[in-house]
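Asks: Each chain is listed here by its residues.
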Amino acid sequence: MKGEINVLSKHHQLGLTDDQVIAMYEKMLEARLIDERLWLLNRAGKLPFVVSCQGQEGAQIGAAFAMDPTIDYAAPYYRDLGTILAFGQTPKDIMLHMYARAEDPNSGGRQMPGHYGSKKHHLMSISSPVSTQIPHAVGMALAAKMRKETFVTYVSFGEGSSNQGDFHEGCNFAGVHKLPVIFFCENNQYAISVPLAKQVACEHIADRALGYGFPGVVVDGNDVLEVYRVTKEAVDRARRGDGPTLIEALTYRLTPHSSDDDDRAYRSKEEVDEAKAKDAMIVFKDYLVKQGLLDESKEKTIRDRLMQAINEATDYAQTAQDPPPESTLDYVYAN
Amino acid sequence: MKGEINVLSKHHQLGLTDDQVIAMYEKMLEARLIDERLWLLNRAGKLPFVVSCQGQEGAQIGAAFAMDPTIDYAAPYYRDLGTILAFGQTPKDIMLHMYARAEDPNSGGRQMPGHYGSKKHHLMSISSPVSTQIPHAVGMALAAKMRKETFVTYVSFGEGSSNQGDFHEGCNFAGVHKLPVIFFCENNQYAISVPLAKQVACEHIADRALGYGFPGVVVDGNDVLEVYRVTKEAVDRARRGDGPTLIEALTYRLTPHSSDDDDRAYRSKEEVDEAKAKDAMIVFKDYLVKQGLLDESKEKTIRDRLMQAINEATDYAQTAQDPPPESTLDYVYAN
Amino acid sequence: MAVKLFIDAIRDALFHAMREDEQVFVLGEDVGVRGGVFRVTQGLIEEFGEQRVMDTPLAESGIVGVAIGAAAMGFKPVAEIQFVDFILPAVNQIISEAAKMRYRSNNDWTCPLVIRAPFGGGVHGALYHSQSLEALFYHVPGLKIVIPSTAADAKGLLLAAIRDPDPVLFFEHKGMYRLIRDEVPDGEHIVPIGKATLRKTGDDITVITYGLMVHYALEVATKLEQEGIHAHILDLRTIAPLDREAIIEAARHTGKVLIVHEDNKTGGVGAEIAAMIAEEALFDLDAPIMRLAGPDVPAMPYNAGMEKFYMLNPQKIEDAMRNLARF
Amino acid sequence: MAVKLFIDAIRDALFHAMREDEQVFVLGEDVGVRGGVFRVTQGLIEEFGEQRVMDTPLAESGIVGVAIGAAAMGFKPVAEIQFVDFILPAVNQIISEAAKMRYRSNNDWTCPLVIRAPFGGGVHGALYHSQSLEALFYHVPGLKIVIPSTAADAKGLLLAAIRDPDPVLFFEHKGMYRLIRDEVPDGEHIVPIGKATLRKTGDDITVITYGLMVHYALEVATKLEQEGIHAHILDLRTIAPLDREAIIEAARHTGKVLIVHEDNKTGGVGAEIAAMIAEEALFDLDAPIMRLAGPDVPAMPYNAGMEKFYMLNPQKIEDAMRNLARF
Ligand SMILES: Cc1ncc(C[n+]2csc(CCOP(=O)(O)OP(=O)(O)O)c2C)c(N)n1
Ligand SMILES: Cc1ncc(C[n+]2csc(CCOP(=O)(O)OP(=O)(O)O)c2C)c(N)n1
Ligand SMILES: [Mg+2]
Ligand SMILES: [Mg+2]
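Protein chains in written order, with our numbering: chain A, 667 to 1001; chain B, 667 to 1001; chain C, 717 to 1043; chain D, 717 to 1043.
It is worth saying that the hints were derived from the structure and are not from the lab. In this text, all values refer to a predicted model and were calculated from it rather than measured experimentally. The beta carbon of each residue, even a glycine, is placed where N, CA and C say it ideally should be. Worth double-checking, as some hints may not be accurate.
What the hints assert, rightly or not - Okay, the calculated beta carbon distance ranges per label pair:
hint, chain 1, residue 1, chain 2, residue 2, range
1, D, F999, C, P1011, 23 to 29 Å
2, C, Q767, A, A1000, 26 to 32 Å
3, A, T756, D, T938, 30 to 36 Å
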């Protein structure tokens, strides 16, 4: 960045204000801090299960800020804590979900951690079988087209999940009908233990877009502003009625697959450490510092505020009410 | 071709002898004549159902002759009468199948017309749900690789069927493991009544290969020798251990989808007539005539021989034994 | 009120629902200009256009998955699966998603989706164009399954299915499309989901069945009346959730029960019905609970003799009914 | 003979089968260096290499479809589905293809395939990591379904499944992997598919069950012995085809039958068992045929209290057994 001091900074070029990029950083940090807290609680025996967003926050927030959560919809996947927060869920919502309490806005304690979804936040309900959400998002985008509304639908999934039939069928449908949907692949290089080379033989997941007749874009998932830029372009395309885009954000999963996993069986510490050095949290912070938008004291203020909310959320959730056991029988059907 | 008299003719360039191209023509004609007979029998009320190969024989035979049916395997689809004949089934086999007689080598009368398959002919059993054969073929190719054998597996399907999840999952698996399999898409422009533009938004089905990390090739399905050429290349690639190829043969379905269909609802007579003028039967015959390999009298000899076999086959099948009704209970399990 | 074919009554319901509610739309393979391979959707595209009568790519999981997404946004999609046999690629979307959407989201997201599919044999359809697949789904809470036996019910139940706030599988016996005709009310006509109906009362034996088999059973019952055997015939109409009360009452009424379905026997819908009765009305029974069903083979063969061997028909039902009456 | 954990017995069978027959290979998600998410396949890749212990792309229909192709060529693939809940995308390949291959080809092509999958709840797995899906498949002729309850049976039945010339679904209750241990014969050990076994004899009530529930039932039976209630406990071991003879005999033995399964009740395996008994042994019964099963909700919730509400446990079984004994 040195020597570029006089040209417009990247985020200004993209039309993002200083406040907006700080807000982006704050959301990323919020996701990271919640995630770290979840692991602590898991290791302390308080939460049976955690599935992480760590390493993918940059991609998630870059993408989410390119949308308008008041009109747009998201059909995210279990790692999308950043997206969930950007669409309006609070640390308290998340902690209630993790503790499976009655007030959990995602499922009232019915679903596993990471299985978000709440209509009021425009977040489609997440299930476990991967990729089923891809056709759902296409159907939601079809609704926009049929109603002549301008909202776009974002759907995310891992690169492993891009090998499911539902990815193919969903993309193809969206291509044929030029639907306002953004397929966002968070390529973190692994499907649990299976490395990319054993999952696919193509160079880029984004290459698959060609077979569906819409653009495919590869972006460095640690470059928050680049992710924002390509997603914004995709959102604009979609709103204009020009159809879907497949975005592949290159990321890395910094944690094991879940709290049940031990990643030492299938990847080296060196590989993980190398990825940690490129973490979007670090890269984006660097950018903001260089832009003069952030320093250690401002960072601390943000961090303290977030930690306080997370602490309060944890405390609240820890003692919140469970759903009544017999409510197991509710909501099989409408009546 | 005029003026090219002194250069090597196309089929010689491809290493095909005069006898071989005549044999190819003969197989195409055999398929066409059987198919025409089936329609007659259907319209006469003797066969409840026909599904046709007409318009696709050139692609099928061009591809089949690039393989060696004594070692290679095929997992074809219901329109592949040409392929079935090239792999060794006789008109009698076909007619026994159409009449659902006990001697039907395909299913002993159990399956619908067009649902071929016989182990001794290296033909995988065909079912109705489309695209399921694609992963099967990949598994057969996996068997070749695991046993270090050099046979290749050919699998065919319509362009409509390339939108099923099983296409995607099968291609991806084959790409990852570089398996000796040839994905052969017979793009006849329609999935029953649905025209290509409502099925896919990509320019070519072959474009999808990029997403699986292997070559995709488009070929004029009415150009038998070109189909032979690209398939031979794919077969060689596969035998060398260089992995799969996706071939898209551009064809046209000259008949309605099946004897239950009426195609006038969804396409014009002009369109069909135009395609009929480009029929591989005509184009290839022209080529052979120009090459001095075929004339009307030789054609008549071939045709008469084929017709005699078809007549005999029809007669035989018409009076052949049905399977005993109670054999319905057989072969659910091995014992 | 006019006498209509089964198929026309279904089309009637679609026209009515689509005229009435803009959120209703039809999607599936060949449902547009082709009007569906059986012509159920014929004429719809002319009135409602190709967006509300949408020809989809050949991909059932995609069809159902897209419909679930649209339903989540408040549409009421009516997806056609060309033959019920081809619903299998969509099973994950149906069971993991449609059936569990309301439950897993704690009543937040819903799935008001109808999936129509022709099923059943006896039409030279062989293994993959003849199956009955209701037994695959009736075990799954969150789904409703409807199988009408009359044209009037077809219309009334389809309208009820479209209005239903939860996913409904609507299975139409393809052999009935142009075989069954009866009086169908014009305009609005709702037959409630979950209610079986007595097609005939009688004091000797109870037959519990659905779909095409209702007609066979009635035909036989008429014949057996002359021999003094009086059958009580319950048409289930809804396969899930089953009308427990009506089943138990019908069983108690004669104490002799025959359950009839075209689908193969083991684990078929008849299993649950028999189990219900054995659990709740055992001491009212005067005979073993009998089931007459297709044989336990993977599916119906094409060969005419074998198909006939597989299929139930009035003769087989007559034998079973007489056998039970004599018990 | 050594006492082994359930999970170790399964791994034992895989090692044995793969050493013995080069055509046996394992494929699935994370079965390689990871040794499977439950560690069932741990150590296999070291001995047999990555071709015979193949990590596949994340695509279940592809896994099963590819396995069918390899099986057609004479291999004996053992496909692992990571959780039985994720078998649903492969249902078309299983039901349309694997189950029908021999039948449709008139005994020409075959499908000697084993699909292993962990199932069952009580492990904080919530809706999609707790399901029992045997009822989805036991209606399908052409498939076999095996659910072992002991380590010895797990080994013996898995070896039988791998040797079987037809497709076998082999479902392992994940709660048993590290809970159940018993004496497992070394080397070759075959338990025939299709044969139930009596785990305990008694003259008062018959309990018919399988999987984890066998252990709960035995635990309760021991307790009830002290009250003078003697239970006859049949462990099905094979869910399809059911051991009809053993079921009828066990029912007749006491005349009072309780069927227990973790899966939800309607249309579950218990339905067919009850129907069989009601059809063939009705007059030997002294009590209604009772079923104790999971509630009819889409799947088990995550919240601990709700999960407990859903799951069967010894207490619920005890109540049901005592209730039946008192009848
Ligand atoms: C249909 C299905 N099969 C298997 C699983 C088990 N599973 C959960 S996550 C996962 C790996 C997903 O990899 P990827 O799509 O790359 O996402 P990531 O976890 O790496 O973000 C697997 C195999 C599942 N959830 N759904
Ligand atoms: C899974 C499935 N869905 C629907 C059908 C009904 N069906 C049979 S052929 C066909 C169209 C196939 O089109 P295409 O793949 O282009 O092959 P073509 O018939 O044109 O050669 C359809 C929809 C089927 N056989 N299988
Ligand atoms: Mg990944
Ligand atoms: Mg086509």
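Asks: With reference to the structure, classify each hint as holding or not holding.
Replies: Consistency of the hints with the structure:
1. D/F999 to C/P1011: 23 to 29 Å: This hint holds: roughly 26 Å between Cβ atoms.
2. C/Q767 to A/A1000: 26 to 32 Å: holds (28 Å)
3. A/T756 to D/T938: 30 to 36 Å: Violated, at about 51 Å.
Of the numbered hints stated above, the single one contradicted by the structure is hint 3.
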